[in-house]
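J.: Protein chains in written order, with my numbering: chain A, 1 to 638; chain B, 639 to 1276.
Derived by calculation from the structure, the hints in this document are not laboratory data. Just so you know, these numbers come straight off a predicted model, no measurement behind them. Even for Gly, the Cβ is constructed at its ideal location relative to N, Cα and C. Check before you lean on any hint, since a few could be wrong.
As the list claims (entries may be wrong) - The calculated label-pair distances, taken between Cβ atoms and stated as ranges, are:
(1) A941/B - E563/A: 55 to 65 Å
(2) A284/A - P712/B: 56 to 66 Å
(3) P74/A - A1060/B: 33 to 43 Å
(4) R375/A - P1154/B: 38 to 48 Å
(5) E1167/B - E373/A: 49 to 59 Å
(6) S638/A - E958/B: 49 to 59 Å
(7) R1275/B - D311/A: 57 to 67 Å
(8) E563/A - Q1059/B: 48 to 58 Å
(9) E1164/B - A133/A: 54 to 64 Å
(10) T532/A - D790/B: 23 to 33 Å
(11) Q557/A - D944/B: 51 to 61 Å
Protein chains: 2
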Amino acid sequence: MGPRVLLSGIDARGSGHSAGLAAACTITARLSREGGDLMSSLRPLTISIAAAAMSLSLACGGATPDGGQEAESPYAAHEVAPGEYDDYYGFSSGGHSGEVRIVGIPSMRVLKRIPVWNIDPGSGWGITNESKAMMGGKWVGDTHHVQGSYVDGTYDGKWLFVNDKANNRLARIRIDIFEVDATVEIPHTQGTHGVFPQRAPTTEWVILNSEFRTPLVNDGSGDMLDASTYGGVHTIVDAERMEVVAQVQTEVNLDLAATDYSGRYSFATSYNSEGGATISEMLASDLDYLVVFSWDNIKAALANNDYRTVDGVPILDGTEGTGLTAYIPVPKNPHGVNVSPDGNYAVVSGKVSPTASVIDITMLDDVFAGNIEPRDAVVAEPEIGLGPLHTTFDGRGNAYTSLFIDSQEVKWNIQRAIDLQANPQEGETAVVDRLDIHYQVGHTMASMAETNEADGRYLISLNKISKDRFLNVGPLKPENDQLIDISGESMVLLKDESAYIEPHDIILVRRDIIEPHVVDRVRLEEHPEAVTQSSITRDGNRVTVRLTATAPVFGLQEVEVNEGDEVTFIVTNTDEIPDLAHGFAISNYNIQMVVGPFQTKSVTFTADKPGVYWIYCTNFCHALHLEMRLRFIVRPRS
Amino acid sequence: MGPRVLLSGIDARGSGHSAGLAAACTITARLSREGGDLMSSLRPLTISIAAAAMSLSLACGGATPDGGQEAESPYAAHEVAPGEYDDYYGFSSGGHSGEVRIVGIPSMRVLKRIPVWNIDPGSGWGITNESKAMMGGKWVGDTHHVQGSYVDGTYDGKWLFVNDKANNRLARIRIDIFEVDATVEIPHTQGTHGVFPQRAPTTEWVILNSEFRTPLVNDGSGDMLDASTYGGVHTIVDAERMEVVAQVQTEVNLDLAATDYSGRYSFATSYNSEGGATISEMLASDLDYLVVFSWDNIKAALANNDYRTVDGVPILDGTEGTGLTAYIPVPKNPHGVNVSPDGNYAVVSGKVSPTASVIDITMLDDVFAGNIEPRDAVVAEPEIGLGPLHTTFDGRGNAYTSLFIDSQEVKWNIQRAIDLQANPQEGETAVVDRLDIHYQVGHTMASMAETNEADGRYLISLNKISKDRFLNVGPLKPENDQLIDISGESMVLLKDESAYIEPHDIILVRRDIIEPHVVDRVRLEEHPEAVTQSSITRDGNRVTVRLTATAPVFGLQEVEVNEGDEVTFIVTNTDEIPDLAHGFAISNYNIQMVVGPFQTKSVTFTADKPGVYWIYCTNFCHALHLEMRLRFIVRPRS
Ligand SMILES: [Cu+2]
Ligand SMILES: [Cu+2]
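Chain A with its partners taken away, still in its complex shape:
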């Protein structure tokens, strides 16, 4: 029940955890390599962390050795045996891999990769004309958060939304086919990080935050080095039309995002209230903000045309005093903001403060009305451990916060924290349990925890550094996603699962919410060019080949074109049998795509190499799959 290891840095392989001050000191040591003026500004932070570690360490009775060698795993009772199904769909953001992953919970199996901001030769994403249009010429991305669309505070099984922090975009995924069906570029912003859909009554808006402050109009004009002119924006996107509705401009940066359960507020943490451009500047202040956006007031401002328009986007002034925002001071460099399933509390953690701040959402009306000070809405601020990042919930009144310096999950009771804030009692704590994880946890999420149906069964700890948890696979090692049973009083580690670079966040959605929406095939007519009869047509030097694919033959045995022709292949998989996909690759022509049942995909290229090139099916489809091929004959120009 008590803490086992309080602190750990990023240690050398095999050295295990180090306790207390030692780890905090590694931060100092590491920073000192860059030397100079940085050091002096960072030292106070390091010392304050170390001090907090000591006090916490004493309060909790000190550190004990790493519990790495469990005698037996309790996973067996949760095993999803051959032929059995998982209870939850996990939707995981793949970080700089640019993809979204579907993870079965509790098996932790990756059931699918959904390419979003990455080229995927396996599926043809980024190669087909259809997907190229979605990507707009940018094929890297940084997916931090995947969120589902909502109705009345729980998932409706319709869409997933996923950000791109690198190239500043939002993508929408259709849950029925688990493919991206729309994207939108977010202007006037960089570091598009937090994203959250409206939770009630339905998802009409999706909001996004800019983590990096920039000039609003970033065209090279003005003194680009003067960071005091920079700001952030809170972007509102129409979920149905996938268009930017408006942007609320702030002076501060805006990091993680959440919405409330009434459709009236959205939230953004701001870790750089200083407006700094260097790491030391960003750490100067002891208090930063939870920024609250009033949707009532934003809607009123839009209705009253109380905005300016830049590049066609309404820009609303969200600085202090405009009535659109409330700036609630919270300790130093807050990271996550999460709303409790009852809708009553927003929990914010200051990653370089050992606390969680509990904001009473029911008091926000009074904050916006000016009846109370913003800080008055903070009804609890318990000390929970070092490096608190994200908080999730079990629907039974408990919060679970990831502690990335402590490398722990900490379970604490929200009401207990509020009560102790009101009536402090010596030696009492809201902390219920601690569990070591392995090793540096970022996001954490419990089953259905971002809905009003939080069920408190499973907790996922998305750990960034797996270090020595798996066979060594070289300099770039996997991450370690850990599955934890939270159905009881104490947390129980069930399973380690290696994860490819680099999952950021995950949501766990009950199977019964998703499964009825998922289809085995699209409707043939969804693609306007669906092919039912193969053909070759020519218009000048443009050749269009319409091709059916029915196991084990393509609809044509030869296609002849001339060198230099612009060739478009439109391929329809005319098999409607579930899980019977065909691949389409042209030898030496760098073209590859996979077409699912009744799907149509197209690819356009220049036939710049004369000769005979075999087009072949790359995806197993039939006993005679290897024989499923045709000849692409390119006649030389001369």
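Dock chain B with the ligands against the given chain A, drawing on the hints supplied.
T.: What follows is chain B with the ligands alone, placed relative to chain A:
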């Protein structure tokens, strides 16, 4: 022990297996949609499969219902609990995903994706200058086989080799860092499918086969439609230099590959001895070939300059009667060829014949000497089931063959098959056990089975159609890799594991062979441009930024360039701490790469957008990882 389900087609979701004739008939039904002349040529095949199914079905006592609902899984005893390590590194070819995967066995965890023929934004593969040079402008591929380098018949832990069937290349992966360190384009070939390294005394040569017959000089000259002029090549690559040594030209196509255990022979199956260009032509003949290549005679021909040179490559004549090859007739459209761990037998399966052919390698000298007929070397040809593809071994004299129409693994005894061939006994069979798999198995591999240290512990069944084995994730579903315990008399299914499109083959290598070679960091000086001191230098409009990355800061806080400059960033991760990687992304500039400890990666691009662009670390590295960023200032041209 006995068969549970004998036959299954690719059925509709949830309809389960269908027995006997029904499944065979689905092949006819499916083909008949394309109608016409194809049908008439395919009908005999369908009928012969159906007939074989009936006889096998009777011999085995008929079909029984699908055993999909196991009461309890025996996996628990094999679980790799948190903190424990796998026993084997599995190296899996990722098919048209273009990647290689490291899978821990028996956990089945994907421990790493190694990008090879795919762009990987997560690692920067295909984005960095270093990796672009490896890919040669082609970023799709089709990896079918990963093989390890050998010494004295077992793996030496130095390299992995992987083919590209789509763009016809070979890549080499350094096992110490699990990254590609060399690639070579294979000329004069398409469908570069089978690949196998020399097994003894060490891997000096790697051989590759062309599955698709093409004109040798494929420049559009001659009658491109006349398939009788096409042929295949057996390519020899120098493993150290990664250069093509020579190509042995054949009239037939060459599919899967193997080498013997003495360094004297290599093998290729040929399923299209007909030289057909359409599916019906490819199925015309009842016998195709196992082609054997004599390395003694190839070396002699090279030494005697008995070849012509095309595009700088020695082309040897490998047609019948030249002494370089032996064409051993084997039943219809053979697919896999695998050599038993004792080095004595090559096992070939004719995928549209229900048999496995056992070729006695010790008799090949007599074949090449003309003392016996090629077919005399076939010492057994047991009936084992429908759609036999690949065979693997337990080192105890048993073979395990994947049956992709039967959806089974079949275990049979090699010596027993040979004995029964010599002395047929009514009602006797070499078959020892059958296990249903789910559903269409392609490759199968036992632990260490491609070495003389085969240990008979685990068998992997790489199944192409998972259909209803996992939560439905849309039209494109995962594959199903199944783990099977083969340590006892009967095979025991342990685990299903979902796999992303589309693993083809896998090798299972003991941990103790690989682990000592794997490093946590490269040597800093391995990259000639490794940065130890950050700097910005300009040469005309070319700007070179040398940048250190040490958690949590980059070595510079600002980089200023002019619009239109050609900018090269060279980034060295100067942290030597294991598993501490830094990411490097430039907002809105479509650039992303990850740099491991002591690694150096570079990227070159044109600064075509004026403004302030944040460069940020995309890979979690430190408590202040979010603050690890710098400004890239692009001054406008005007
Ligand atoms: Cu196909
Ligand atoms: Cu970093």
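J.: Decide, hint by hint, whether the structure agrees.
T.: Results for each hint:
no. : hint                         : in the structure
1   : A941/B - E563/A: 55 to 65 Å  : violated, 40 Å
2   : A284/A - P712/B: 56 to 66 Å  : holds, 59 Å
3   : P74/A - A1060/B: 33 to 43 Å  : violated, 55 Å
4   : R375/A - P1154/B: 38 to 48 Å : violated, 58 Å
5   : E1167/B - E373/A: 49 to 59 Å : holds, 55 Å
6   : S638/A - E958/B: 49 to 59 Å  : violated, 36 Å
7   : R1275/B - D311/A: 57 to 67 Å : violated, 20 Å
8   : E563/A - Q1059/B: 48 to 58 Å : holds, 54 Å
9   : E1164/B - A133/A: 54 to 64 Å : violated, 41 Å
10  : T532/A - D790/B: 23 to 33 Å  : violated, 58 Å
11  : Q557/A - D944/B: 51 to 61 Å  : violated, 38 Å
Going through the hint list in order, the structure does not satisfy hints 1, 3, 4, 6, 7, 9, 10, 11.
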